[in-house]
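Start counting the sequence shown at 14; every next residue gets the next number (our numbering).
Please note: incorrect hints may appear among the correct ones.
Think about it this way: if two alpha-carbon atoms lie no more than 27 Å apart in a straight line, the pair counts; the simulated BS3-like pairs of lysine-lysine are [said to hold, decoys possible]:
no.: 1; residue 1: K105; residue 2: K128
no.: 2; residue 1: K105; residue 2: K218
no.: 3; residue 1: K187; residue 2: K229
no.: 4; residue 1: K218; residue 2: K229
no.: 5; residue 1: K237; residue 2: K152
no.: 6; residue 1: K128; residue 2: K152
no.: 7; residue 1: K218; residue 2: K152
no.: 8; residue 1: K128; residue 2: K218
Okay, the calculated beta carbon distance ranges per label pair [unchecked claim]:
no.: 9; residue 1: L59; residue 2: N228; range: 41 to 47 Å
no.: 10; residue 1: E52; residue 2: Q144; range: 39 to 45 Å
no.: 11; residue 1: H206; residue 2: N235; range: 22 to 28 Å
no.: 12; residue 1: L189; residue 2: W25; range: 26 to 32 Å
no.: 13; residue 1: S65; residue 2: D245; range: 26 to 32 Å
Rather than coming from a laboratory, the hints here were simulated on the basis of the structure.
Ideal Cβ positions, reconstructed from N, Cα and C, are used throughout, including at glycine.
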Amino acid sequence: MTMSSVRVDVQWSPAAPDQFLTWGTDLQHYQVQDVVPSEVVQAPRLRMSPLSAASLLATNNDIQYIKCVAWWPGVEADPANQLLAVGQANGKVAITNFSKVTDPRGIKGKEFIPKNARPVNSLAWSSQEPQLLAAGLDKVRTDHSVVVCDVTRPGQASSYTFDQRNSSSGEVLKPLMEYGNAETAHSVAFSLHTARTLMAGMNNKQIRLFDLRENKMCASTNTKAVYGICTDIHNQHRFASFFENQASH
14 MTMSSVRVDV QWSPAAPDQF LTWGTDLQHY QVQDVVPSEV VQAPRLRMSP LSAASLLATN
74 NDIQYIKCVA WWPGVEADPA NQLLAVGQAN GKVAITNFSK VTDPRGIKGK EFIPKNARPV
134 NSLAWSSQEP QLLAAGLDKV RTDHSVVVCD VTRPGQASSY TFDQRNSSSG EVLKPLMEYG
194 NAETAHSVAF SLHTARTLMA GMNNKQIRLF DLRENKMCAS TNTKAVYGIC TDIHNQHRFA
254 SFFENQASH
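Using the sequences and the hints given, assemble the complete structure.
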């Protein structure tokens with residue numbers, strides 16, 4: 014999707030079916046509303062169809078070099094409090110939202126910082142245990158590419174000056190589990206049906222299944238379709254992924 018010649022990505026809210034966010038140079042939160050075909054829709058509203066338009070609810074420009082975003086699957090009374098995990102080009106994963114007030118849970122502002130800088134390719138929250146966040150990163154010789162964190166666990170105090178616009182804690186998340194040493198993780202996704210089960214597309218050639226309860230890989234399959242892994246909500250044994258212009262399941 015392009016808006017004013019700037020490429021942006023889109024993600025629908027897991028909690029509010031009429032809301033979505035876009036990200037490119039910043040994060041923007043929209044709500045879809047009914048309109049009549051003759052109504053003039055002006056910026057920052059977006060015409061979605063002859064009978065609908067999207068109104069801009071909020072903008073978050075505190076985070077730069079955004080590579081991927083994952084919307085927390087829990088339900089909030091105020092959508093602005095819905096947590097977002099934002100992966101950056103330098104490997105950091107920041108927890109933020111669209112609210113300007115302090116997060117009473119103390120989660121907003123926490124960050125995962127890898128030992129070696131490299132892009133974050135994919136992020137995924139667990140729908141069964143929403144405190145679990147997985148990240149898939151580019152390859153580096155001396156570090157892991159799949160990381161799982163518990164965002165509710167106490168972290169380490171930040172050793173640098175933290176941007177207070179995006180912070181209520183400034184804590185650095187410590188990984189619970191790490192996989193894929195000296196490998197590339199292109200996409201990650203938690204199973205919707207089985208607790209603590211994570212899938213990861215690896216090295217342009219394989220999808221692996223990790224059992225977080227046993228802290229080990231339990232299955233794998235060879236495929237070039239290692240991008241955009243998503244699980245079937247109706248069938249626990251089925252998932253989809255893609256490679257270039259081909260989808261696989």
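Hints violated by the structure (listed by number, smallest first)
The structure breaks none of the hints.
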